[in-house]
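Enquirer: Sequence:
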Amino acid sequence: MSFNNRILAALMGSALAMPAFAADADADAAPNRDDIIVLGQQMKAAPNAGKSGVPLIETPQAISIISTEQLKARGVVRLAEALRGVAGVSRSSTYGYYDAYQIRGFDAAYGSVYLDGLISQNVAGSNNELAGLEQIEVVKGPASMLFGSAPLGGIINLVSKRPRDDDFVDVGLATGSYNLVEGTVDANMRLDAAGTLLARLNLVYRDSNDFVRFADKNRIHIAPALTWRMGEDSELTLLTRYERNHDSPWSPVSAWGTVLPSAHGKLPIDFTINGKDSKAIHNQRYYHLGYAFKHRFSDALSFDQTLRYTDRKVYWNNWIFWAGFVDGAVVDGVQQGHVAGRYVYGPFRQRDKDLSTDGHFTLKVETGPVSHEILVGLDYRRNRSRFADDGGNFDPTANPLDILAPDYDRPFVHDPAAAYGGGGKSDQTGLYIQDHVRFGERATLTLGGRYDWAHSDGGVKDHKFSPRVGATYVVLPGASLYASWSKSFVPQAGSFTVAGDALPPETGRNIETGIKVQSPDSRLTGMVSIFELTRQNVATEDPANPFFFISTGEQRSRGVEVEATWRPTPAWTLSIAYAYLDAKITKDNLLPVGARLQNVPRHNLNLFGEYVVPQGPLAGLGLNLAFQYNSDKIGANYPEDVDGDGVPDPIAAFRLPSYALVDAGISYRFGPWGVRLNVNNLFDKRYFPDACCVDRVTPGEPRNWRLSLTRSF
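According to mature numbering (1 follows the signal peptide of the UniProt record, and there is no 0), the sequence shown holds residues -22 to -1, 1 to 691 in order.
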């Protein structure tokens, strides 16, 4: 056995044992081998996001793909950063620290992340690990026809790396701002000479502080995979993951002193309301066990099935949130107070067990000049959850903090009387069918429908039909027009009328048209989309019965998206992603009709360029530059008393200013070695990308750097 194979065998053997051992012990990657550039090559199919082999240029829906090479070039290790280059996607708010985003103007922070085509429950906040991913697929607009309950704006599908035919080991080390220490391994090997058994392993260790005081994070991520080629027509891949996170998260801060004026000046960007010794704690442990199976009965008929079981434990304590000023007074629009009230959350424990599966048949039928690609499938998802809180403290005066002379050593006062606990369960089953019809070489028609049965605690039972109709037409070689109409739904568990009845599901509809372009040499790919999404049955407060709801709300988002990547030569890559969004409230009992939706910029622009020296003494040297612009946003989605006169002000009174950021990178590849330096927020711009309310504004990360070294064996 060669030296490389001995390394691989040792890594694989230890990894297969580690998840089980680590799971009993305790409640980003720099991939080198997978240099895939999807934008700029062919518009191939997105088999997970589309559940079929239909090419993207024939798909009557906007789907964006981010490759591992793009992530590596930009030094990206967080999903929120990776999505910057996708038109129509912007930052949302889950209190600042965790992945959160808007798609086409609608919040998609929860229930929108999928892993290998199956829902990945986003519970209690998380930052998705990008190590071990082949690519990220962004499906824009309703996805309910294929996936069931899903946000109207779209979903994100993460595609895991699978075992390959070649043997390799890629090792990476990284350091950077905030005392970053990171190590990664991506190893692949054939376990037999015939190549019927293949294995792959991804490992990540990452430890760092953060740009806010007293915040830090530590992650261990282990993802082994094994493929068994059972014959020419059958293949089974086992996909497992174990992840352990120990975080001390930072908390958002007040709008006063950040985007609204304070008599005491601006808050430092690293200001914290958390404790020094009584640090915020957020620990997570989870593991995935699953598989992907496919079988080809004939050239015309095939079957695919995926299944995943997830067990997740969460613990957090001393998580602090701003609760106004206990000595607050606003004079002439300026906050005079300097003693912040604070809410204390935790100790809190949660355990989730999820099961998801999807199976579908694909049948290809030729009927003269017309061909059909018929998809018939059934999927099921189940969630079981238990939680307990030992008692936080929601009296703002119990744990005050003087922002002019903060005492970070003072222990927090908890309130055992505030303890609570409980649990929940939900099930969803969906049956779907789609027919993708080709009329000769130019035209396609896609017809699909799905029926869902969704049940959850509290007697919530939602049965819903989700249709989709779309068409494409090739107007020129490499250019096709498309149009589609589709609907979505999301159950509203937890929102009840005064009579105790569950609200009907939130529904949405989308009408969209656009053009997709791919040059014959694939050097230019692009897409322009025009759309209107309408969100209906939005839960609004019952004006006659506070704390109860009625489903009378409606919101609408209209917009234009432009995405393009051009490779004029093999050395150059240029890309643009631009979106214009007009997202507003059209019906509501509390919010003013016509008001813009929270955290949605009207204009969002991202530019990226990279040059790699192709030959000569500097061959392998690469330079890249990225530019991001977001216009101003509304900072709250309900009226707040911003001026201190005791009367709620229009939501437009609280805005997040526009901002522009520049990132830069330099890399050098020499033989099996690679080195890369990325600097984000190059000009150290002070900005605030999102907010929840006046008391919860997210600070943007100041200038930071990351230096990585990789070695391929």
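Be a bit skeptical, because a hint or two may be false.
Unchecked claim - Derived pair list, reagent style PhoX-like, types lysine-lysine, alpha-carbon separation capped at 25 Å: (1) Lys342 <-> Lys254; (2) Lys257 <-> Lys331; (3) Lys244 <-> Lys291; (4) Lys244 <-> Lys331; (5) Lys244 <-> Lys272; (6) Lys342 <-> Lys291; (7) Lys331 <-> Lys254; (8) Lys195 <-> Lys565; (9) Lys272 <-> Lys195; (10) Lys291 <-> Lys195; (11) Lys565 <-> Lys244; (12) Lys195 <-> Lys257; (13) Lys254 <-> Lys244.
Stated by the list, open to error - Restraint ranges, calculated between C-beta atoms of paired labels, are given here: (14) Asp627 <-> Tyr607: 44 to 52 Å; (15) Lys254 <-> Asp170: 51 to 59 Å; (16) Gly427 <-> Leu568: 51 to 59 Å; (17) Phe691 <-> Leu341: 42 to 50 Å; (18) Asp499 <-> Asn567: 50 to 58 Å; (19) Phe691 <-> Gly89: 37 to 45 Å.
None of these hints come from the bench; they were simulated from the model. Just so you know, even glycine gets a beta-carbon here, dropped at the ideal spot from N, CA and C.
Enquirer: Can the suggested window of 51 to 59 Å be confirmed for the beta-carbon pair Lys254 and Asp170?
Expert: holds (55 Å)
Enquirer: Should the hint that Asp627 and Tyr607 are 44 to 52 Å apart at their CB atoms be regarded as holding?
Expert: This hint is violated: roughly 28 Å between Cβ atoms.
Enquirer: Is the Cα-Cα distance between Lys342 and Lys254 25 Å or less?
Expert: The hint is violated at about 63 Å.
Enquirer: Mind checking the alpha carbons of Lys244 and Lys291 for me, to see if they're no more than 25 Å apart?
Expert: It is violated: about 38 Å lies between the C-alpha atoms, which goes past 25 Å.
Enquirer: Given the hint that Lys244 pairs with Lys272, test it: the Cα-Cα distance must not exceed 25 Å.
Expert: It is violated: about 58 Å lies between the C-alpha atoms, which goes past 25 Å.
Enquirer: Kindly confirm whether 37 to 45 Å is satisfied by the beta carbon distance between Phe691 and Gly89.
Expert: holds (41 Å)
Enquirer: Against the 25 Å threshold, does the CA-CA distance of Lys331 and Lys254 hold or violate the hint?
Expert: violated (34 Å)
Enquirer: Would the pair Lys195 and Lys565 pass a check requiring their Cα atoms to be no farther apart than 25 Å?
Expert: Measuring from Cα to Cα gives roughly 42 Å; hence the hint is violated.
Enquirer: Can you confirm whether the C-alpha distance between Lys565 and Lys244 stays at or below 25 Å?
Expert: It is violated: about 37 Å lies between the C-alpha atoms, which goes past 25 Å.
Enquirer: Does Lys244 lie within 25 Å of Lys254 when you go C-alpha to C-alpha?
Expert: Since the Cα atoms of Lys254 and Lys244 sit roughly 22 Å apart, the hinted pair holds (cutoff 25 Å).
Enquirer: Given the hint of 42 to 50 Å, is the C-beta distance from Phe691 to Leu341 inside that range or not?
Expert: holds (44 Å)
Enquirer: For a C-alpha distance cap of 25 Å, please report whether Lys291 and Lys195 respect it.
Expert: Roughly 17 Å separates the two Cα atoms, so the pair holds.
Going through the hint list in order, the structure does not satisfy hints 1, 2, 3, 4, 5, 6, 7, 8, 9, 11, 14 and 16.
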